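**Student:** For reference, the chains in residue letters:
2 protein chains.
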Amino acid sequence: MAELIQPRVLKGFRDILPQAEIVRTNLMEKITGVYRSFGFVPIDTPVLEYSEILLRKSNGETEKQVFRFLDNGKRDVALRFDLTVPFARFTAEHESELYFPFKRYHIAKVWRGEKPQAGRYREFVQCDIDTVGSDSAASDFEILNIMRTALAEIGVKDVTIHVNHRGIFNRFLAKLGIAEKSEDILRSVDKLAKVGQEEVKKELVEYTGSEEKASEILKYIAGAGDFESTLKMITEMSGGANEDSDRMAEIYEMMKAAGIQATYVLDPSITRGLDYYTGVVYETFLNELPSIGSVCSGGRYDNLAGLYTKTKLPGVGASIGLDRLIAGLEQLGKLESRGSYLDAEIFCMDKNLVVYYQKVAAQLREKGVKVEVFPEAKSMKAQYAVTDAKKIKWGILIGSNEAEKQAVTLKNLETREQFAEISVEEAAAKILA
Amino acid sequence: MAELIQPRVLKGFRDILPQAEIVRTNLMEKITGVYRSFGFVPIDTPVLEYSEILLRKSNGETEKQVFRFLDNGKRDVALRFDLTVPFARFTAEHESELYFPFKRYHIAKVWRGEKPQAGRYREFVQCDIDTVGSDSAASDFEILNIMRTALAEIGVKDVTIHVNHRGIFNRFLAKLGIAEKSEDILRSVDKLAKVGQEEVKKELVEYTGSEEKASEILKYIAGAGDFESTLKMITEMSGGANEDSDRMAEIYEMMKAAGIQATYVLDPSITRGLDYYTGVVYETFLNELPSIGSVCSGGRYDNLAGLYTKTKLPGVGASIGLDRLIAGLEQLGKLESRGSYLDAEIFCMDKNLVVYYQKVAAQLREKGVKVEVFPEAKSMKAQYAVTDAKKIKWGILIGSNEAEKQAVTLKNLETREQFAEISVEEAAAKILA
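For the record, the sequence lines run as chains Y and C. Using our numbering, the first residue of the first sequence is number 4, and each one after it goes up by one. Using our numbering, the first residue of the second sequence is number 4, and each one after it goes up by one.
Hints were generated in silico from the structure; no laboratory data involved. A portion of the hints provided could be inaccurate.
Note that the list lumps identical chains together, so a pair holds whenever it fits in one copy or between two copies.
As the list claims (entries may be wrong) - Keeping only pairs whose Cα atoms sit at most 25 Å apart, straight-line, the calculated PhoX-like set for lysine-lysine is:
1. Lys393 with Lys373
2. Lys204 with Lys178
3. Lys216 with Lys178
4. Lys259 with Lys408
5. Lys313 with Lys205
6. Lys362 with Lys160
7. Lys33 with Lys396
8. Lys77 with Lys67
These figures come from a predicted structure and were not determined experimentally.
Take these sequences, add in the hints, and give me the full structure.
**Tutor:** Structure follows, in structure tokens:
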């Protein structure tokens with residue numbers, strides 16, 4: 004016999020066992036339900052694409068992390084590292100087959116060869132939504148509304164969504180005469196929560212060459228408390244009302260119209276680093292566990308697919324980081340868990356009745372009961388080990404007595420209450436009650 | 004500006020547009036629902052694994068087709084080409100964390116660099132179920148029952164599931180004294196539908212060296228009509244009742260007990276080529292479109308994870324080939340299609356009302372209506388283009404008249420019937436009726 008191979012997964016990858024996968028699936032299904040209910044539709048794209056397509060816009064960091072190789076036909080290919088670049092390529096390629104505004108969701112795996120660390124894997128799931136082909140307050144607001152609704156749907160109601168507008172910030176920098184430094188400044192401001200005000204100020208002084216300008220920036224990003232006061236302040240600091248501040252105000256009016264404004268704060272320190280964004284940007288923190296970072300973020304960009312088509316497609320999107328969110332919910336003890344999707348188990352008490360058990364199972368399924376038949380007459384201890392692991396509420400016991408009377412004994416496996424020798428119909432009714 | 008990149012996917016890969024992806028998702032969700040209702044639970048495994056693990060057991064054909072490369076850490080890795088090998092590795096690795104019998108489903112993508120041809124892609128979805136840790140008629144029957152139930156659930160009721168037992172066939176060959184030729188014979192018999200009786204007979208004469216034995220084999224695989232007669236015949240031809248023929252008889256009794264025997268034929272010509280199988284084997288054909296081949300197949304094996312653990316894990320499983328099934332249903336015009344998951348669209352008729360539209364949307368969602376707001380005051384033609392593409396039944400029209408009265412006009416976009424200036428509550432009731 005050949006030597007055994009050590010069963011193992013690659014570094015940074017993992018298996019997900021049933022208990023955890025049921026939780027994950029449940030979250031994904033709820034998020035999907037919310038995305039759909041707001042009019043988003045699914046697409047699918049290949050996990051493998053031409054490297055040229057995936058990497059053209061990327062920075063060196065991405066190149067280092069991507070799984071890239073030559074396929075059997077010597078094509079330079081790579082596993083996607085996000086769902087946005089494939090969506091941009093998709094939109095350009097199928098432009099004439101789509102309608103606009105086009106609203107798609109895509110919940111799927113992506114791969115990055117990052118250094119594995121606690122809660123960070125090389126294979127993970129992103130839950131993306133984007134609306135392309137509309138530059139409007141309604142589209143911006145819709146994404147913000149969905150983020151809140153999706154998180155609430157999975158039981159995460161204690162969240163704050165931090166919103167900002169990159170356009171207003173850019174106007175403010177221009178007014179200070181330091182627009183050309185914006186990239187450095189954005190990167191610096193983005194680190195505020197991580198490195199603290201002192202450190203950021205030091206950097207800002209360096210970039211702007213002015214203590215005063217650095218102070219102005221810190222004042223700007225500190226905000227002024229509530230949404231309206233902050234909006235008023237940053238509008239003034241950026242030179243007075245303009246289309247960007249008007250947009251932000253309109254979004255806030257929509258929040259109030261929908262009665263959900265309490266979930267959002269206007270936080271001028273949110274910049275989302277990336278050059279990519281041009282309008283609203285947002286990050287979401289669990290109030291009880293802000294330390295794990297943003298579990299859902301995104302923003303508005305003015306040109307999704309500029310690498311592939313001359314058509315300018317403005318859009319707005321968000322992505323829920325499922326694995327980080329699950330890690331957070333686990334820490335908070337908020338993960339609903341179940342062992343299976345079953346209502347009942349028909350125990351195998353008598354090997355002469357294995358055919359009869361199938362008849363009863365068919366009758367119960369006819370009534371809508373989700374039931375499995377234990378396949379062999381093993382010890383009851385072995386059978387209960389399975390119903391325990393699968394967290395099955397109802398047991399159906401059929402020995403020769405029951406079989407003779409065409410009856411079943413129904414047992415609540417949680418309370419141990421028994422209903423002896425009742426009909427299959429009665430059992431179904433109790434199970435489904 | 005940089006030159007545009009031609010947006011395109013790799014040869015043999017494809018995008019799936021919303022209309023088609025909604026259909027695919029719908030089928031997967033229904034299949035998942037059936038798998039769950041019979042007690043199967045989900046797992047997840049990495050798409051990328053050590054080549055050593057994926058390929059040890061494979062033949063040269065698989066090696067040629069697999070996407071294999073060295074990752075950045077110089078590890079020899081490959082994309083999985085099926086869900087069975089990763090499941091075997093998973094079961095061995097997590098043996099002590101699992102309970103047995105362990106019943107798992109896994110619906111996910113796999114990759115094979117096959118020559119692309121009509122309906123064959125290099126990336127496709129498999130819908131697998133397996134029960135490991137039980138060698139019993141109940142487990143065999145359960146898989147056969149699920150195949151039928153899952154196909155019925157997605158509207159495919161006109162199917163025949165062809166069942167056979169490899170053990171009985173092996174006994175028959177042993178009785179003829181040609182057991183050592185079984186691999187060649189299996190391969191030959193497996194081609195019957197493709198190449199015809201004459202050709203198979205020629206090969207069989209060659210392998211067995213005897214016209215008579217070849218005729219016996221052809222008689223065996225032709226069966227004897229109904230399930231019971233065929234079982235009787237092959238039992239006799241293989242030397243009389245034995246545990247394999249008893250198993251087949253017990254499975255048939257279970258089919259009758261569940262009242263579903265009409266879907267199954269005992270077809271001794273089904274062998275499923277692979278050495279892998281040791282017990283029942285099955286293939287499923289659409290009665291209206293047998294030419295596309297088997298849409299769902301599988302069988303019993305006696306040792307799932309022998310490469311990775313000394314524990315002998317017998318099992319039984321099946322896989323639905325989703326993409327082939329979809330191709331078949333498409334040809335038969337049997338694919339349900341919808342453009343979105345929405346009930347209603349709030350049209351944007353007046354740009355001064357964009358905030359108010361969000362208020363009405365919030366009220367409708369409160370009642371359970373799935374609604375989107377058209378985000379900008381584009382032409383009604385442009386707005387109807389979207390509601391047409393998304394196949395939305397209800398339109399909600401709110402101009403200044405309606406807004407003043409806190410009312411809406413509801414329009415059935417299919418029949419064009421209108422309900423002028425009704426309350427949001429009335430509109431919700433009509434939409435959900």
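**Student:** All hints, please: hold or fail.
**Tutor:** Now for the hints, and whether the structure bears them out:
With identical chains, the CA atoms of Lys393 and Lys373 are at most 25 Å apart within one copy only, with a shortest distance of 13 Å there and 34 Å across copies. Proximity of Lys204 to Lys178 under the C-alpha cut-off of 25 Å is restricted to the intra-copy arrangement: shortest distance 19 Å within a copy versus 89 Å between copies. Taking the closest pair of Cα atoms, Lys216 and Lys178 come within 25 Å of each other only inside a single copy of the chain (11 Å); across copies the shortest separation is 95 Å, beyond that limit. For the identical chains of this complex, Lys259 and Lys408 are inter-copy neighbours only, at 20 Å across copies versus 64 Å inside a copy, given an alpha-carbon limit of 25 Å.
Proximity of Lys313 to Lys205 under the C-alpha cut-off of 25 Å is found in neither arrangement, the shortest distances being 42 Å within a copy and 63 Å between copies. Only between protomers do Lys362 and Lys160 lie at most 25 Å apart by alpha-carbon distance; the minimum there is 21 Å, versus 46 Å within a single protomer. In this assembly of identical chains, the alpha carbons of Lys33 and Lys396 lie at most 25 Å apart whether taken from the same copy (24 Å) or from different copies (24 Å). In this assembly of identical chains, Lys77 and Lys67 lie within 25 Å of each other by CA distance both inside one copy and across copies; the values are 20 Å within and 14 Å between.
This entry does not satisfy hint 5, going by the numbered hints stated previously; all others are met.
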